[in-house]
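In order, the protein sequences belong to chains A and B. With my numbering applied, the first sequence closes on residue 1206, and no number is skipped along the way. With my numbering applied, the second sequence closes on residue 10202, and no number is skipped along the way.
Hints in this document: simulated from the structure, not taken from any laboratory. These numbers come from a predicted model, not from an experiment. Ideal Cβ positions, reconstructed from N, Cα and C, are used throughout, including at glycine. Misleading hints may appear alongside valid ones.
[As the list claims (entries may be wrong)] Label pairs and their in silico Cβ distance ranges:
#, chain 1, residue 1, chain 2, residue 2, range
1, A, 656, B, 10023, 51 to 57 Å
2, A, 235, B, 10043, 43 to 49 Å
3, B, 10147, A, 297, 44 to 50 Å
4, A, 47, B, 10080, 37 to 43 Å
5, A, 143, B, 10023, 45 to 51 Å
[To be verified] Below, in silico cross-link-like pairs of lysine to aspartate or glutamate (EDC-like), each with a Cα-Cα straight-line distance of 20 Å or less:
#, chain 1, residue 1, chain 2, residue 2
6, A, 54, B, 10026
7, B, 10013, A, 541
8, A, 100, B, 10114
9, A, 355, B, 10078
10, A, 32, B, 10114
11, A, 511, A, 541
12, B, 10018, A, 92
13, A, 54, B, 10060
14, B, 10013, A, 90
15, A, 255, B, 10136
16, A, 51, B, 10026
17, A, 46, B, 10025
[To be verified] Calculated Cβ distances over 10 Å to all of chain A for the following chain B residues:
#, residue
18, 10036
19, 10040
20, 10078
21, 10080
22, 10094
23, 10098
24, 10099
25, 10100
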Amino acid sequence: MSDVVEKTLTALPGLLSLDLQTGAGKLSSTSKLGNLIRGITELTSKHDEEKLIKRELAAIKEQVSSPNTTMRQMKEIMVRSIYCEMLGYEADFSYIHAIKLAQQGSVLEKRVGYLAVSLFLNENHELLLLLVNTVLKDLQSTNLIEVCMALTVVSQIFPRDMIPAILPLVEEKLNHPKEIIRRKAVQALHKFYLIAPNQVQHIHSKFRKALCDKDPGVMAASLHIYLQMIKESADSYRDLAGSFVTILKQVVGGKLPVDYNYHSVPAPWVQIQLLRILALLGKDDQSTSELMYDVLDESIRRAEISHNITYAILFECVKTIYTIHPKEELLEKAAKCIGNFVLSPKINLKYLGLKALTYVVQQDANLALQHQMTIIECLDHSDIIIKRETLELLFRITNAQNVTVIVEKMLDFLRLCHEDYAIIDLVAKVAELAEKYPFRTPCPHLTPNNRWFIETMSTIFTVGGELMQPDIPSNFLRLLAEGSDSLEDDRQLRMYAVDSYVSLLQTNPTKLPQRFLQVISWVLGEYSHLVDDLSPCLVIELLVRLLERPDVASDTRSWVMTAVGKLSAGAGVGKLSAGTGAGGGTGEGAGLVQRVAQQHSSSLDTQLRQQALELQLLSQDPELHARVLPRGDAWGSLEVDSSLSFLDGFVSEALASGAAPYKPPHQRQEELRQEKALSLEPYALSLPISLSSCSIADRQSPTLLSISSGLSGNSAELAHRAGSGSLKLEGVKRVWGKDGYLPHQREVPEEPSVPQEDSAPAPPTFPQQSSALTPPSADPSEEDRDKQQLASSLFVGLSSNNSTCLMGKPEAPAPQRFRRKHKNTDSASASSSSDSSHSPHDAANHFLYSSLLEEGPASPIMLTQNSLAPSNRTEANGTHTRGDAPVLPTANGVADVGDREAPPSLTTANEAPSPGVGGHRDPPLLMGGMELVQPCPPPPAPTASTQSSAEGADTPQLPELPPESDHLPPESDHLPPELRNLPHSDMSPLASDQSLSLSCCRVHREDALVLVLQMSNACGAALLDVSVELQCHELKVASLRGNALESLPAQSVRVCWYTLLMEAPHTHVMVTGSVSYREESGPSHTLEISSKLSLADFLRPLVLSTEEYGKLWLSLSQDVKQNLKLLDPDGDPLCSSLSVLKDKLQLHVVDIIGSEGIVACKLLQGAPCLLHCRVHAGALAVWLRSPVPGLPDCLLYHLQRALQER
Amino acid sequence: MIKAILIFNNHGKPRLSKFYEHYSEDTEQQIIRETFHLVSKRDENVCNFLEGGILIGGSDNKLIYRHYATLYFVFCVDSSESELGILDLIQVFVETLDKCFENVCELDLIFHVDKVHNILGEMVMGGMVLETNMNEIITQVDSQNKMEKSEYPVTAQGFIPRASCSKLAGLMLKEPLLSVSYVWPSVIPVTFEQLSSHIYIN
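One chain only, chain A, in its complex shape (with noise of 0.2 Å):
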């Protein structure tokens, strides 16, 4: 320190007289910013300084619109704008100036005005677009730094839709003479890749030349695209693993320039990313896993100098060697490496060594019995991060028998933690943990017990207060209410709960928080008439006492109240059914119940007004009473109707009365921007949209009845919209959530949760092989042998010979604590006693819904309806409005109305019945008709076995195969009729196990994609329970056929159907989802499944004249221009391509001139996207225009993997 003083103090005179020197003005600009800071470092308070900067501000602003003001004064103002910005000061009117001088400024003005652009905008920016015309100039000027600051620019902040108008150029750059420019432009192309992937397809070859570039530091760049794209889909890149490999082994091997090396390191952070390339390409993989072996092996060896960054460079290389193929040799190595980081002194590598153990445990759980010690020594380590990792190790050895340990370390660090996000973060693993193991074990002072269980979440509820996920108060209210097996089980512990809640209350509740005093509430009302020896009325008058204080939320004042209302009847009126210890208190509950009621039913809050006035009505009703809030497990008996069957009559008398069908927000939506488009362009009214669509809404109406308004109700809407629609809409909403009908979602069964084994529990460790275990250098002091004793109670079970039981990855869903119970069965006998009454909609259900999957864009579409390819485009509509008749019938109609309606030519040229049929109720026409429309060859042997969620009506037990057909029918026969006539791809296998196989097609309807999940039983017995989820964020889910099945009989084959929307372009999407199902008396079992789907299967033909596209192109406004691979180029090269496209893409070629030709498609029934392709030097030129940004570009890629692939 007297050092530094020293030298400032031997320094001041030279620095004072400099002063003097620019005092005189020489830098005036200077010494403006100067002033600045000298003025706010004077300033005491935050008011003073916010007064200072505002009058900066303005003088800034004033001498920014000053005409006089020169670039050079400008560049000054603007590093003053900088400075006003990190303080947090806003000086927006200073942004268009800094675009300016990037513009118009010297180099040197010009960096600083690049520099504040980069500062003070962000990628969205409007402003952003004045930019390219600057940069587009500085990457061709000759001068090697505005080059660079142009790629500088362009890889922090670059508006997405004008990358094609730069990307020639910066490709261009890759084959720059100059290193420093090569780098740049890898990096501003790596910017590209992430911002907008599509457009960067069609150079990833040079993306390849980057990496063999001879400067290390392109090379280096390019690492960054590599992870990334590998990270992406690491199989594609499976063949590159040799170069990195190679490349690794002369980096390690120190064949880099001497400039490279930091601390006679050979550029450690090359090969920090190149080992994270290799863990990702090895992961799964044995082949390409043997292939790094050696130069991991040489990697460790090296890294043996202890500087910090060799330690970085270890610690990569045990990752990689735990995630790739397991080699034992370095398994051993990286252990010792693990092994050197946890017992550094250096506390940043005990940091990452406790990291790389929890990376690691899962795998090799003895590596954490090793280091026992160490562990129980950073449980109390004083800083804050270590025990946070600690806590996060233990987490992942969690086992029933140290639960409770583990559980009570972190509620220790909880209660001293006052950081939020730790709080949250633990708050979900302790939950997590306490619902997980099972209370009923045989040594119950360590184990989990009722007691235990319920002090625990308590704990979680007063600590985690507001902050914790929502979702933890109501998994543990679930739980509590689902129960498990055992009914006496469940009542101790929901009576142990009432217990001890009554008790916090009756102490001190205060300090609760809401969500604890809501779970609370809820359960004293459900269950605090289980405990006999508690009064009613004292429960009652305790959440009374809540209602009173002011403290108390308004929700949690309305949870209070039901539960208030649900006790009224066992205090007041409930004695014919209560009959309990609280005889006494009767009378005097139901004065308290009618005294809070009286109270509340003036109140302001109109929720708790509300419900006072209907706790009046109960009280006084003890009939009313018991229906509307039925005491002990009404749950089961729960029954939603999700069809809203009872409102059929009010919706038929609506539509009857003008009322315009239903439709759902995402086709509002969809229509009101087609309605957009139409306003701008009349001409587009051609567009065979509005009909199709209206099909769209009679299949989502919940009723047949509005089929028959389907056109008319359609018209209504758009006159009904032309006046103010938008408000009637929003009340439709509300009944209808985002993802439909809401209640529906409540009534999805849980699936069938495998329950939480303890697969053979070994022995306890016992103390003495403990501390065998630890170093030999440990004192057994008093203090160690408590940390030894710490040790057997949190290692406990975590011996090699177990180490299977460990809990598995923790992403993976966690198992519950109790085994749900099936409430299939429940509904299944409900609706075969019922069955009757609403078969339509429960033979709906019967259907299940799927995913399915695809390789690429191009697998083979079965083109069904030829005479939807254009040539002829009257023809076509024809054929268009008819293919829509078999799509009609919705959920519950019924199936042959279909058929009567399809072609009597059709019917007539039926085929006799194979021999298959014979067993069947289904009737052969209805099949047969369909077959011959379709142009693939006939399946040999129909047996169709299944038929359309629309027979389900008069069938409601699926057909079955005759038992005695061993092989499996051929796929189309199982597509349900009115798909059977559409565009389809085959059949391909998704997932199986020994029991059932899934198979899924996809189909192309008009106006959305179905998917059809085929699921056939192979085994001899039948499966029972079969559901189906599936999910995908990205699509529209426009309506799905079933998603259970009671029982799946043996050897047969159901199918279930699943329609899908685009809305936003998607280059692909992933559908996943699972298939569960339960053996006969046997464990049930979970299929995955996730597909890909591309764009490709959401595209339709658009069919319009060359004067109608003419049109239409020039009111889009979206536009890309890409070159592409020319196909054939010494035949007819425009024509091939074209076609190639047409038949993989299903686009519609409307005409061709010369080298030119002009193609058209659609989103579904959404947006258009014309093309206008040209033959020009080789290559294809596309021009691609639509009115939705993203859609040209997606589209793009699938037209360069189409051309690719042939």
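Assemble chain B onto chain A, guided by the hints.
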């Protein structure tokens, strides 16, 4: 990816802030405050890694920081960056600053925010580590400084304004970040402890 780079002094005054992800102006200020709050209360003998606050993305993100004399250098990174790697990157950054400004101190950062940004821009581009070779970075910066001399010959007297406010700022701001006597050895490897004993001179 690096999400943000923040430099602030012992009192929490921001000296440089660079965000590689878009946040609103207010959020950025809150992040700076929150980060200072988290970092400043750490002792000196604890590790240099921290979990990010809620604003910057919670436990998915890490704060990696170093404390040099009067300044904190904080890099906020996501899980895809190597902690120790970033820690040394900060060291490279500070050493580079030291070479460019000759005994860099807080004042240099205040008055040459633009130059510091430019040096940083050579090292980190769009949140990715672009260059870690100190000589290369200095070559780039120097070539730009030469240009400055040719454009503004009068004022090009090195990094002047350190002097112009010597009176106002007091000695504190002029404390070199890297100890004066300390010259980065290119031959002798220096261990981490040795280095930190040099760094924590206050």
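Pair hint residue 511 of chain A and residue 541 of chain A, alpha-carbon separation not exceeding 20 Å | Distance of about 19 Å is within 20 Å: holds.
Compare the distance between the alpha carbons of residue 255 of chain A and residue 10136 of chain B with 20 Å, and conclude whether the hinted pair is satisfied.
-> 18 Å, holds
Far enough from chain A: is every CB of that chain over 10 Å from the CB of residue 10036 of chain B?
-> Nearest chain A Cβ is 13 Å from residue 10036 of chain B, so the label holds.
Is the straight-line distance between the alpha-carbon of residue 46 of chain A and that of residue 10025 of chain B 20 Å or less?
-> 18 Å, holds
Pair hint residue 54 of chain A and residue 10026 of chain B, alpha-carbon separation not exceeding 20 Å = OK: residue 54 of chain A and residue 10026 of chain B at ~17 Å, within 20 Å.
Is the distance from the Cβ of residue 10147 of chain B to the Cβ of residue 297 of chain A consistent with 44 to 50 Å?
-> The hint (44 to 50 Å, Cβ to Cβ) holds, given that residue 10147 of chain B and residue 297 of chain A are roughly 48 Å apart.
Are the Cα positions of residue 54 of chain A and residue 10060 of chain B separated by 20 Å at most?
-> 37 Å, violated
Is the Cβ of residue 10094 of chain B farther than 10 Å from every Cβ of chain A?
-> Given a closest Cβ separation of 14 Å, the condition holds.
Any Cβ of chain A at or closer than 10 Å to residue 10099 of chain B, or is the non-interface label fine?
-> The claim holds: residue 10099 of chain B sits with its nearest Cβ about 15 Å from chain A, beyond 10 Å.
Take a quick look at whether residue 32 of chain A and residue 10114 of chain B sit within 20 Å of each other, Cα to Cα.
-> The given pair, whose Cα atoms are some 15 Å apart, holds under the 20 Å limit.
Does residue 10013 of chain B pair with residue 90 of chain A here, judged by a C-alpha cut-off of 20 Å?
-> Holds: residue 10013 of chain B and residue 90 of chain A sit about 17 Å apart, inside 20 Å.
Residue 10100 of chain B remote from chain A - nearest C-beta pair above 10 Å = Given a closest Cβ separation of 15 Å, the condition holds.
The structure does not agree with the numbered hints 5, 7, 13 and 21 stated previously, though it agrees with the rest.
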